[in-house]
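Chains A and B, in that order, are what the protein sequence lines are. Throughout the first sequence, residue numbering follows this note's numbering, covering 35 to 227 in sequence. Throughout the second sequence, residue numbering follows this note's numbering, covering 35 to 227 in sequence.
Do not take every clue at face value.
Treat identical chains as interchangeable: a pair holds within one or across any two.
Taking lysine-lysine pairs in the PhoX-like style, the calculated list, with each CA pair at most 25 Å apart, reads [claimed, not checked]:
no.	residue 1	residue 2
1	Lys70	Lys226
2	Lys57	Lys139
3	Lys226	Lys96
4	Lys158	Lys196
5	Lys79	Lys53
6	Lys147	Lys158
7	Lys96	Lys147
8	Lys53	Lys90
9	Lys96	Lys145
10	Lys38	Lys200
11	Lys38	Lys57
12	Lys200	Lys90
13	Lys53	Lys151
14	Lys200	Lys70
15	Lys96	Lys151
16	Lys79	Lys54
17	Lys54	Lys90
18	Lys53	Lys70
19	Lys200	Lys145
20	Lys158	Lys79
21	Lys196	Lys57
22	Lys196	Lys53
23	Lys54	Lys123
In short, the hints are calculated from the structure, not lab data. In this text, all values refer to a predicted model and were calculated from it rather than measured experimentally.
Okay, here's what each chain looks like letter by letter:
Protein chains: 2
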Amino acid sequence: MDIKREIRIIGIDDGYFNKKIDKETIIIGVIFRGYKQIDGVLSNKIEIDGFDVNEKIIDMIKRTTHYNQLRIIMTNGVSFGGFNLIDFKYLYNNLNLPIISVVRKRPNIEKFKLAAKKIHNYQKRIDIINNYPEINFYDTMYGRLFFQYYGTDLDTAINIIKLTSKYSRIPEPVRIAHIVAMGVTRGYSRGKP
Amino acid sequence: MDIKREIRIIGIDDGYFNKKIDKETIIIGVIFRGYKQIDGVLSNKIEIDGFDVNEKIIDMIKRTTHYNQLRIIMTNGVSFGGFNLIDFKYLYNNLNLPIISVVRKRPNIEKFKLAAKKIHNYQKRIDIINNYPEINFYDTMYGRLFFQYYGTDLDTAINIIKLTSKYSRIPEPVRIAHIVAMGVTRGYSRGKP
Numbered sequence: 035m036d037i038k039r040e041i042r043i044i045g046i047d048d049g050y051f052n053k054k055i056d057k058e059t060i061i062i063g064v065i066f067r068g069y070k071q072i073d074g075v076l077s078n079k080i081e082i083d084g085f086d087v088n089e090k091i092i093d094m095i096k097r098t099t100h101y102n103q104l105r106i107i108m109t110n111g112v113s114f115g116g117f118n119l120i121d122f123k124y125l126y127n128n129l130n131l132p133i134i135s136v137v138r139k140r141p142n143i144e145k146f147k148l149a150a151k152k153i154h155n156y157q158k159r160i161d162i163i164n165n166y167p168e169i170n171f172y173d174t175m176y177g178r179l180f181f182q183y184y185g186t187d188l189d190t191a192i193n194i195i196k197l198t199s200k201y202s203r204i205p206e207p208v209r210i211a212h213i214v215a216m217g218v219t220r221g222y223s224r225g226k227p
Numbered sequence: 035m036d037i038k039r040e041i042r043i044i045g046i047d048d049g050y051f052n053k054k055i056d057k058e059t060i061i062i063g064v065i066f067r068g069y070k071q072i073d074g075v076l077s078n079k080i081e082i083d084g085f086d087v088n089e090k091i092i093d094m095i096k097r098t099t100h101y102n103q104l105r106i107i108m109t110n111g112v113s114f115g116g117f118n119l120i121d122f123k124y125l126y127n128n129l130n131l132p133i134i135s136v137v138r139k140r141p142n143i144e145k146f147k148l149a150a151k152k153i154h155n156y157q158k159r160i161d162i163i164n165n166y167p168e169i170n171f172y173d174t175m176y177g178r179l180f181f182q183y184y185g186t187d188l189d190t191a192i193n194i195i196k197l198t199s200k201y202s203r204i205p206e207p208v209r210i211a212h213i214v215a216m217g218v219t220r221g222y223s224r225g226k227p
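Just chain A, same shape as in the assembly:
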């Protein structure tokens, strides 16, 4: 795939929550042209440790007037609002958009599965995790970035990461989604995605 400098990308991250008090948290989608200009911001609510993140992402994206211009989804990791897990195949089939999930540290799938054991509906979560695409890495000029992708090829995924990791190893759409999500749920943004 030829990556245009102004390719429309939506970056997604979740807000802060307190597991003891909150039943839900916000997810934020930031629509970028390439790595520079912000075209829009979307939001929705998801259940903590629920199973609704995929439906809520689909709903949020289908409702925006930018939907038909979007070419790719980038997410901060694969779980939101605790253990509410992204289902790559389901998102792709419903939105017809490839997904790239990025993280700063190499994910430890075994640890991840052990953590899932402590949450309700363990088997359902394990089934989703077992279907996850393999973990790749790419060395940006700011350091190593780990990623998983679905609905596109490795070259395209790397080209999109290259284009968007201009100010940090974290691609701009995901970095800004993180900053917005923290800013609106905590009152200030702090900490890296």
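With chain A fixed as given, assemble chain B onto it according to the hints.
Positioned in the frame of chain A, the structure of chain B alone reads:
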């Protein structure tokens, strides 16, 4: 004042609210380096038609680690959450930061005062409005922008508007504060600031 390309600016706008239901709405502050990079997002709640917007802006800005790097505040107009009015002098004296308020259409002060008549504490609001700095305009490459400023000089205000109105006549910090505020309160951003 010499304007550095990476000057730290906070752009402020308020969220959507329904006057019949809501008692408060969100204000969003987006911290920019010049017109390009976002360094942080802040938020706070203000009363609809209240008098707390100045305290809430001061509180929000004093609490961020970016405070000592900030050089200027830009706001979308002079009233937030209905008729909760910016007090230029009060903000400047408490934060030691100049303020530039920008709007797309020339403000009509007489109409504004008539509208204020319908809200409680009319005289208090009129006193604030009567203290407002004069209205200037600057023709950006996208069209005319009206603005008021306090705590700096006309040249500096124009230079900052020039630097930041790169993608629209509305300076980037204010444009993005608007998009974020709408995105988190309505679920999607639509409409121009």
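Verification of the hints:
1. Lys70 - Lys226: both (19 Å within a copy, 19 Å between copies)
2. Lys57 - Lys139: Neither: 27 Å inside a chain and 42 Å across chains, both beyond 25 Å.
3. Lys226 - Lys96: between (29 Å within a copy, 21 Å between copies)
4. Lys158 - Lys196: Neither: 34 Å inside a chain and 54 Å across chains, both beyond 25 Å.
5. Lys79 - Lys53: both (15 Å within a copy, 23 Å between copies)
6. Lys147 - Lys158: within (11 Å within a copy, 60 Å between copies)
7. Lys96 - Lys147: neither (31 Å within a copy, 42 Å between copies)
8. Lys53 - Lys90: So Lys53 and Lys90 pass the 25 Å test inside one copy only (20 Å; across, 27 Å).
9. Lys96 - Lys145: neither (34 Å within a copy, 40 Å between copies)
10. Lys38 - Lys200: Answer is both: 15 Å inside a copy and 20 Å across each meet the 25 Å cutoff.
11. Lys38 - Lys57: neither (40 Å within a copy, 45 Å between copies)
12. Lys200 - Lys90: Classified as neither; 29 Å inside a copy, 33 Å across copies.
13. Lys53 - Lys151: within (17 Å within a copy, 46 Å between copies)
14. Lys200 - Lys70: both (9 Å within a copy, 11 Å between copies)
15. Lys96 - Lys151: neither (33 Å within a copy, 42 Å between copies)
16. Lys79 - Lys54: Close inside one copy (17 Å) and across copies (23 Å); limit 25 Å.
17. Lys54 - Lys90: within (23 Å within a copy, 28 Å between copies)
18. Lys53 - Lys70: neither (34 Å within a copy, 35 Å between copies)
19. Lys200 - Lys145: neither (31 Å within a copy, 46 Å between copies)
20. Lys158 - Lys79: Within. Shortest intra-copy distance 21 Å satisfies the 25 Å Cα cut-off; inter-copy 39 Å does not.
21. Lys196 - Lys57: neither (37 Å within a copy, 45 Å between copies)
22. Lys196 - Lys53: neither (35 Å within a copy, 45 Å between copies)
23. Lys54 - Lys123: neither (32 Å within a copy, 43 Å between copies)
When the structure is compared with the earlier hints, violations turn up for hints 2, 4, 7, 9, 11, 12, 15, 18, 19, 21, 22 and 23 and for no others.
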